[in-house]
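Enquirer: The primary structure of each chain is shown beneath.
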Amino acid sequence: DGGITQSPKYLFRKEGQNVTLSCEQNLNHDAMYWYRQDPGQGLRLIYYSQIVNDFQKGDIAEGYSVSREKKESFPLTVTSAQKNPTAFYLCASSKPRTGNTGELFFGEGSRLTVL
Amino acid sequence: GNSVTQMEGPVTLSEEAFLTINCTYTATGYPSLFWYVQYPGEGLQLLLKATKADDKGSNKGFEATYRKETTSFHLEKGSVQVSDSAVYFCALSMNNNAGNMLTFGGGTRLMVKP
Chain A
1 DGGITQSPKY LFRKEGQNVT LSCEQNLNHD AMYWYRQDPG QGLRLIYYSQ
51 IVNDFQKGDI AEGYSVSREK KESFPLTVTS AQKNPTAFYL CASSKPRTGN
101 TGELFFGEGS RLTVL
Chain B
1 GNSVTQMEGP VTLSEEAFLT INCTYTATGY PSLFWYVQYP GEGLQLLLKA
51 TKADDKGSNK GFEATYRKET TSFHLEKGSV QVSDSAVYFC ALSMNNNAGN
101 MLTFGGGTRL MVKP
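One line per chain: the protein sequences are A and B, in this order. Oh and the first sequence: position 81 is 81 in our numbering, straight run, nothing missing. Oh and the second sequence: position 39 is 39 in our numbering, straight run, nothing missing.
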């Protein structure tokens with residue numbers, strides 16, 4: 001079945017370490033997104049990519065980096081510069097803009113905890 | 001800019017009670033509107049959507065009507081079940097040249113007791 005796969009589901013990191021969260025989709029979607037969710041709060045956009053080899057900062061990009069070398073993959077690196085990285089991270093994708101009503105398809109999420 | 005405001009939770013109901021979760025939005029133009037549901041420890045799933053004024057989205061007994069005059073998209077269900085316990089997010093999308101990025105409300109936690 002088509003879908004979005006995030007890994008790992010749970011990740012623990014020591015302060016000062018970089019970690020990379022994986023996001024892979026086999027939906028043939030052009031656009032991919034990373035959101036951060038904090039307890040009891042809504043989703044905030046970190047980065048998004050509308051096409052391979054291109055990506056844009058979202059509302060809270062500081063301390064994060066991404067790459068989009070393949071259509072299927074959009075990994076997120078949480079760097080040591082991110083001051084409060086403990087959160088639930090959600091990856092999403094969407095169909096090409098033409099004829100699209102704007103729906104996003106989400107992965108199961110990755111929970112990062114900094115020790 | 002665009003924004004979505006939804007009622008704060010948690011909302012606690014008994015099984016078979018009527019549910020309303022309010023959602024209002026601010027947007028320039030005519031957005032598409034969505035309700036997503038998030039079960040514990042999982043990602044978000046699309047529950048229903050409406051793409052133009054007066055459209056009614058419905059799924060699994062939930063429904064919401066796109067009201068342009070009140071800029072609202074309230075979620076309703078006539079009889080909730082314990083399995084409906086989750087966090088519900090209202091969202092909008094403008095579908096402009098910037099892509100299909102959604103603007104989310106803060107989420108409303110629903111707890112249904114047997």
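Treat the hints as calculated values from the structure; they're not laboratory data. For glycine and all other residues, C-beta sits at the position ideal for the given N, C-alpha and C. A few of these clues could be false.
[Claimed, not checked] Examples of chain A residues toward chain B, derived with CB under 7 Å:
#1 Asp-30
#2 Leu-43
#3 Phe-106
Enquirer: Could you run down the list of hints and mark each one as holding or not?
Expert: Quick rundown of the hints versus the structure:
1. Residue-level restraint check for A/Asp-30 is violated (minimum Cβ-Cβ distance to chain B is 9 Å; threshold 7 Å).
2. Residue-level restraint check for A/Leu-43 holds (minimum Cβ-Cβ distance to chain B is 5 Å; threshold 7 Å).
3. For A/Phe-106, the suggested interface contact is upheld, since its CB lies about 4 Å from the closest CB of chain B, less than 7 Å.
Hint 1 from the earlier list is the only one contradicted by this structure; the remaining hints agree with it.
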